[in-house]
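A.B. asks: As given, the protein sequences belong to chains F and H, one line each in that order.
Just so we're aligned, residue 1 is where the first sequence starts under this note's numbering, counting upward by one.
Just so we're aligned, residue 1 is where the second sequence starts under this note's numbering, counting upward by one.
Since the hints were derived computationally from the structure, they do not count as laboratory data.
Some clues are possibly wrong.
Unchecked claim - Capping the alpha-carbon separation at 27 Å, the derived lysine-lysine pairs in BS3-like fashion look like this:
#, chain 1, residue 1, chain 2, residue 2
1, F, Lys65, F, Lys42
2, H, Lys74, F, Lys19
3, H, Lys103, F, Lys65
4, H, Lys74, F, Lys76
5, F, Lys87, H, Lys42
6, H, Lys42, F, Lys19
7, F, Lys43, H, Lys39
8, H, Lys39, H, Lys107
9, F, Lys87, H, Lys107
10, H, Lys107, F, Lys42
11, F, Lys43, H, Lys107
12, H, Lys42, F, Lys42
13, F, Lys65, F, Lys76
14, F, Lys65, H, Lys93
15, H, Lys103, F, Lys19
16, H, Lys39, F, Lys42
17, F, Lys19, H, Lys107
Small disclaimer: the values here were computed from a predicted structure and weren't measured.
Listed below are the residues making up each chain.
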Amino acid sequence: EVQLVESGGGLVQPGRSLKLSCAASGFTFSNYYMAWVRQAPKKGLEWVATISTSGSRTYYPDSVKGRFTISRDNAKSSLYLQMNSLKSEDTATYYCARHTMGNYFDYWGQGVMVTVSS
Amino acid sequence: DIQMTQSPASLSASLGETVTIQCQASEDIYSGLAWYQQKPGKSPQLLIYGASSLQDGVPSRFSGSGSGTQYSLKISSMQTEDEGVYFCQQGLKYPWTFGGGTKLELK
Numbered sequence: 001e002v003q004l005v006e007s008g009g010g011l012v013q014p015g016r017s018l019k020l021s022c023a024a025s026g027f028t029f030s031n032y033y034m035a036w037v038r039q040a041p042k043k044g045l046e047w048v049a050t051i052s053t054s055g056s057r058t059y060y061p062d063s064v065k066g067r068f069t070i071s072r073d074n075a076k077s078s079l080y081l082q083m084n085s086l087k088s089e090d091t092a093t094y095y096c097a098r099h100t101m102g103n104y105f106d107y108w109g110q111g112v113m114v115t116v117s118s
Numbered sequence: 001d002i003q004m005t006q007s008p009a010s011l012s013a014s015l016g017e018t019v020t021i022q023c024q025a026s027e028d029i030y031s032g033l034a035w036y037q038q039k040p041g042k043s044p045q046l047l048i049y050g051a052s053s054l055q056d057g058v059p060s061r062f063s064g065s066g067s068g069t070q071y072s073l074k075i076s077s078m079q080t081e082d083e084g085v086y087f088c089q090q091g092l093k094y095p096w097t098f099g100g101g102t103k104l105e106l107k
């Protein structure tokens, strides 16, 4: 059974940093692209970052480019999201997701809440 | 960026009723479309990919169709467990974008 378990969320002040983690199990982690998708409270879904199988390629939307960094450790079956210069508009539930070849997201974690506020 | 527009924003349906949700892309996405269901307090679940392929384990009352810029999700017989919010997402071009969602409630 595929499982994705996020951790590391919490309350952080604007301008500060936070690092999220995602522990994967139930599939060969190193064979899949992985992604982060977020959902602001009572809002829709926004793709945030994707990383290739080896970690050599990363992709971001303009809204987080230059502030967020996605990374992975295939030996530990773990995915990470380093978030710097956080803004109030980054407040959301962040989901770790498996990114398929068709550019869909076929498995999702339970999500972790990040609140950016002073 | 490709904009995804869903309609309606919300709807209610009776048990056994057929439900249809629409999704329009701002340009041709060549069937590169997925549908997700999100139940209250839960993470999204992939229902349909490639516009019409049913994800493993998803009930056959769900189906997807469409081409070009116009796509739809159909639930052939509304069940209690189908309540939730439905999102479409284009997978053709980076950045990958989602529709705003359609909230489905049981009447």
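A.B. asks: State for each hint whether it applies.
C.D. replies: Hint-by-hint comparison with the structure:
Pair hint Lys65/F plus Lys42/F holds up; C-alpha atoms about 24 Å apart against a cutoff of 27 Å. Simply put, Lys74/H and Lys19/F have alpha-carbon atoms about 39 Å apart, too far for the 27 Å limit, and the pair is violated. Between Lys103/H and Lys65/F, the direct Cα distance comes to roughly 31 Å. Violation of the 27 Å bound is thereby established for this hinted pair. At roughly 40 Å between alpha-carbon atoms, Lys74/H and Lys76/F are farther apart than 27 Å, so this suggested pair is violated.
Among the hinted pairs, Lys87/F with Lys42/H is consistent with the structure: their alpha-carbon atoms are about 25 Å apart, no more than 27 Å. Between Lys42/H and Lys19/F, the direct Cα distance comes to roughly 22 Å. Compliance with the 27 Å bound is thereby established for this hinted pair. Taking the CA atoms of Lys43/F and Lys39/H, the gap is near 14 Å; set against the 27 Å cutoff, the hint holds. Of the pairs offered as hints, the one joining Lys39/H and Lys107/H holds, with about 16 Å between alpha carbons and a cut-off of 27 Å not exceeded.
Proposed proximity of Lys87/F and Lys107/H is contradicted: the alpha carbons are some 40 Å apart, above 27 Å. Taken as a hint, the Lys107/H and Lys42/F pair is honoured in the structure, with Cα atoms around 22 Å apart against an allowance of 27 Å. Of the pairs offered as hints, the one joining Lys43/F and Lys107/H holds, with about 23 Å between alpha carbons and a cut-off of 27 Å not exceeded. Using a Cα cut-off of 27 Å, the hinted pair Lys42/H and Lys42/F holds, with the two alpha carbons roughly 13 Å apart.
Restraint check: the Cα-Cα separation between Lys65/F and Lys76/F comes to about 26 Å, which is no more than 27 Å; the hinted pair holds. Restraint check: the Cα-Cα separation between Lys65/F and Lys93/H comes to about 17 Å, which is no more than 27 Å; the hinted pair holds. At most 27 Å may separate the alpha-carbon atoms for a hinted pair to count; Lys103/H and Lys19/F exceed this at roughly 32 Å. Restraint check for Lys39/H and Lys42/F: the C-alpha separation of about 13 Å stays at or below 27 Å, so the hint holds.
At most 27 Å may separate the alpha-carbon atoms for a hinted pair to count; Lys19/F and Lys107/H exceed this at roughly 43 Å.
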